[in-house]
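Start from the sequences, fold in the hints, and give me the full structure.
Heads up: the sequence shown runs through residues -14 to 292, numbered per this note's numbering.
Hints listed in this document are in silico derivations from the structure and should not be mistaken for laboratory results. Treat each hint with caution, since some may be false.
[As the list claims (entries may be wrong)] Result set (PhoX-like, lysine-lysine): computed pairs, CA atoms no more than 20 Å apart in a straight line:
(1) K(-2) / K16
(2) K166 / K147
(3) K202 / K166
(4) K(-2) / K21
[As the list claims (entries may be wrong)] Distance windows between CB atoms, simulated:
(5) S236 / I(-12): 54 to 60 Å
(6) P98 / V141: 23 to 29 Å
(7) L59 / G246: 50 to 56 Å
All of these numbers come straight from a predicted model, not from anything done at the bench. In this text, a Cβ means the ideal position worked out from N, Cα and C, and glycines have one as well.
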Amino acid sequence: MMISAEMLSSFAKVAETLSVGRSAIALKVTKSVVSKRIAQLEAHLGVTLFSRSTRRIVLTSAGELYLEHARRALAELHAAEELLLASRSEIKGPIRITAPVSWGQRVLCKLLPEFLKMHPGIEIELTLADRMVDIAFERFDLALRWSASLPKQDLVSTPIAKIDWLLTASPSYLALQDEPKTPEDLAHHSTLFYWREPSDQWWVMSAGQSQRRIPVKSRYQVDNPEAVLEACLQGLGIAQLPDYLCAQAISDGQLRQMLPGWIQQTRFGNLITALAPPERMRNLRNRLLIDFLSQSEGANLLKQLNL
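Take a look at the structure:
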């Protein structure tokens, strides 16, 4: 007896729901069919995948070990099926995405409607979160993350967008303080910090072969760049901000860029990267979205605004 896709899908669904009944409903078969498929799979493998009692069903250690491989095999089968069907039918199905909150709100949410109009059969479920995610455990198809904070998992990465970090302040702040002419001048200014760890109160920047690591005095530390932008606009100090967040304000004269010859090196990196397990990266829906985002974000935002 060969292992079938139906056995694997029944096993994966019961592992997800921990219920034969709910799995049967989701798979549109009877409970007896689900139970038979799992029994056949266990017999073929020679192991017990679930520990059963009158009240509950849980994965055994062997079941937990096998689950990841079963999900990967199912994803490979679905990807192969999509590739074969793509040339003669509309591409359909869901994509579960997670992205950083600020970039997601400011950039991604403006791009996804266009993608969905191009592919009416595709559905998107978007979760905006700055926390580290376990892509496999949380069942995401794609994670869009800063390049310097990638999770340590067996994932394939693809760059999506280049982000420039700019040193900015409002005209009202600079009317009261001398504009910094060198990186060292920043040590004497009030700074606004996009912060996650207290030890991060240093700004690093480079120009050619020269690099500076400047200790900064932060009046305001917050883990959301939107809040940093608002404080900067109100004249509380100097901030390092990503271009998608501050470029329009610079273009409108609400903010001024300082030390433009120096590249800001933040703990987040300067790329937004798409991450996925290898089998999901080959999924046609995911590839379509990655290609769309890469092309949409390819043009430099600062050049668009003539900065």
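Hint by hint, here is what the structure shows:
1. Restraint check: the Cα-Cα separation between K(-2) and K16 comes to about 12 Å, which is no more than 20 Å; the hinted pair holds.
2. Restraint check for K166 and K147: the C-alpha separation of about 26 Å exceeds 20 Å, so the hint is violated.
3. The straight-line distance between the Cα atoms of K202 and K166 is roughly 17 Å, inside the 20 Å bound, and the hint therefore holds.
4. Taking the CA atoms of K(-2) and K21, the gap is about 14 Å. The hint holds against a cut of 20 Å.
5. Between S236 and I(-12), the C-beta spacing of about 59 Å keeps the proposed range 54 to 60 Å intact.
6. For P98 paired with V141, a C-beta distance near 27 Å keeps the hint of 23 to 29 Å intact.
7. Taken as a hint, the range 50 to 56 Å holds for the pair L59 and G246, whose Cβ atoms sit roughly 52 Å apart.
Hint check: a violation occurs at hint 2 only; the rest are consistent with the structure.
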